[in-house]
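Let the hints inform the model, and build the full structure from the sequences given.
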Amino acid sequence: MQKQISLKDQWLGNVRGDVLAGITATLALIPDSLAFSFIAGVSPMVGIYASVCILLVITFLGGRPGMISAAAGSMAVLMTHLVAEHGIEYLFAATVLTGILQYLMGVFRLGRWMSFVPHAVITGFINALAILIFMAQLKNFSGESWPMYAVVAATLVVIYVLPRFTKAVPSPLAAVALMTAVVFALGLQTKSVGDIADITPSLPSFLWPDVPLDWSTLLIILPYSLSLAVVGFTETLLTQDIVDDMTGVPTDKNKEMRGQGIANFATGFFGGMAGCALIAESAINIKLGGRTRLSTLVAAVSLLLLVVVFGPLLNLIPIAALVGVMLMVCVEIFDWKYVGRLHRVPRSEAFVMIVTVAVVVYTHDLAVGVLLGVVLSALLFAYKASKLQVLTEHRAQELRYIVHGPLFFVSSSNLYERIDFRDSAPHVCIDLSHSHIWDHTAQITVDKIVARLQEAGKTVRVIGGRKKEDREGQAGEGSVSAAGR
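Numbering (full-length UniProt numbering), first residue to last: 1 to 485.
Think of the hints as simulated: they come from the structure by calculation, not from any bench.
Keep in mind it's a predicted model, so treat the numbers as computed, not measured.
There may be inaccurate statements among the hints.
Said to hold, decoys possible - Result set (EDC-like, lysine to aspartate or glutamate): computed pairs, CA atoms no more than 20 Å apart in a straight line:
#1 Lys384 <-> Asp423
#2 Lys287 <-> Glu349
#3 Lys287 <-> Asp214
#4 Lys191 <-> Glu144
#5 Lys287 <-> Asp245
#6 Lys255 <-> Asp245
#7 Lys448 <-> Asp423
#8 Lys139 <-> Asp195
#9 Lys384 <-> Asp439
#10 Lys387 <-> Asp431
#11 Lys448 <-> Asp420
#12 Lys384 <-> Glu417
#13 Lys448 <-> Asp431
#14 Lys387 <-> Glu332
#15 Lys387 <-> Glu398
#16 Lys139 <-> Glu85
#17 Lys387 <-> Glu349
#18 Lys287 <-> Asp244
#19 Lys387 <-> Asp423
#20 Lys384 <-> Glu349
#21 Lys387 <-> Glu417
#22 Lys255 <-> Asp241
#23 Lys167 <-> Glu332
#24 Lys384 <-> Glu398
Dropping the structure here:
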């Protein structure tokens with residue numbers, strides 16, 4: 001049951017902790033927003049504007065106070081082909097449509113369907129995301145000399161060594177700042193953010209996506225928007241589960257999805273790309289004391305001020321430092337423990353996880369991989385559940401079939417095949433006391449068995465197994481008798 005939080009507690013229940021945590025989370029957002037923009041193949045300002053707009057909207061309309069939502073790597077990967085083939089204006093249009101789809105997900109309360117996503121699929125989703133982000137970084141090494149490799153390596157060293165001495169400053173931010181200073185001081189020849197696109201110290205402004213308002217545009221952006229909506233839906237609700245566990249306060253997933261939908265809808269009109277909740281930044285915010293909506297509001301305002309005031313300084317950041325940050329993200333989100341114990345995981349689950357990863361990496365579409373993983377898991381479950389045990393007993397002149405296991409559209413054919421319609425016994429009993437009829441297909445199969453036995457001149461009894469609504473009003477224990485002709 002969800003705990004109701006007063007309006008005052010949602011905003012002013014932890015002012016000092018929320019302000020400090022929000023500022024720190026903002027510092028961690030900067031390198032991520034820039035890196036995710038480069039993954040998508042767009043200007044850094046697109047990622048930054050997206051993070052600011054999404055944070056501002058979700059602060060007021062989200063269902064999970066303290067959870068950081070912004071431009072996301074998982075969604076940026078899906079945008080690359082759209083931007084490359086059709087241009088950035090189609091990305092803005094796709095972002096607007098993504099928001100509409102996510103809002104409808106919240107309206108139709110699809111949050112409850114997260115329980116149908118198996119752990120193997122979730123693990124495959126996360127591991128595939130790590131691999132895609134890693135692959136997206138490889139293009140940055142093309143044609144580069146040793147300073148690029150040196151800065152990447154040094155960035156990773158700072159990221160992993162600094163926390164052993166202090167955690168006052170997020171190590172990714174410290175690494176980016178230090179590498180920027182080193183590259184500038186030594187005059188190393190390596191690409192910087194400013195070499196690709198300038199960060200302009202300006203506020204986002206309203207714009208209408210410059211695309212034709214016709215069916216052809218919809219057909220272009222709809223597949224991307226569906227993928228973005230599903231991936232954002234999945235990652236947001238996974239993050240929400242994690243934050244709920246960290247705080248011990250369950251929150252409304254459907255309200256969160258409505259808020260995410262409105263946030264992405266608005267972002268598309270302010271030059272931003274679609275985003276979702278971020279696991280790393282949300283964890284940082286919560287661990288540093290952020291609990292209420294004030295923390296995300298502080299994060300949004302702080303990020304905007306940093307861009308407007310320190311925009312020229314951000315242009316000096318070397319691309320190699322951002323690549324180092326993204327490689328760290330790959331390492332951190334990949335589930336190494338699951339892979340390490342893969343030989344102890346049930347083979348069906350390991351198979352689902354591997355297939356999910358393979359499909360996502362091949363198609364570059366996280367939504368397709370997750371959908372296929374869920375379907376594959378359902379089929380494997382149906383296959384396991386279809387294994388019936390049918391025992392036979394001869395009692396006087398009656399042949400009894402004792403069925404163990406569920407009867408549904410897959411397993412019912414197995415029961416039909418086990419019935420000996422040519423047996424000489426004049427009476428037949430189908431004992432379903434240890435079984436259950438789950439769907440209409442199974443019911444039709446049982447009726448078909450009874451009819452065929454009757455045609456052979458036998459008296460047939462069916463015991464138990466009926467659906468509850470079928471058993472109501474019947475005498476005894478739900479037995480059904482049918483006299484032969």
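- Task: List in ascending order the numbers of the hints, as given earlier, that are violated by the structure.
- Result: 1, 2, 3, 14, 15, 19, 24
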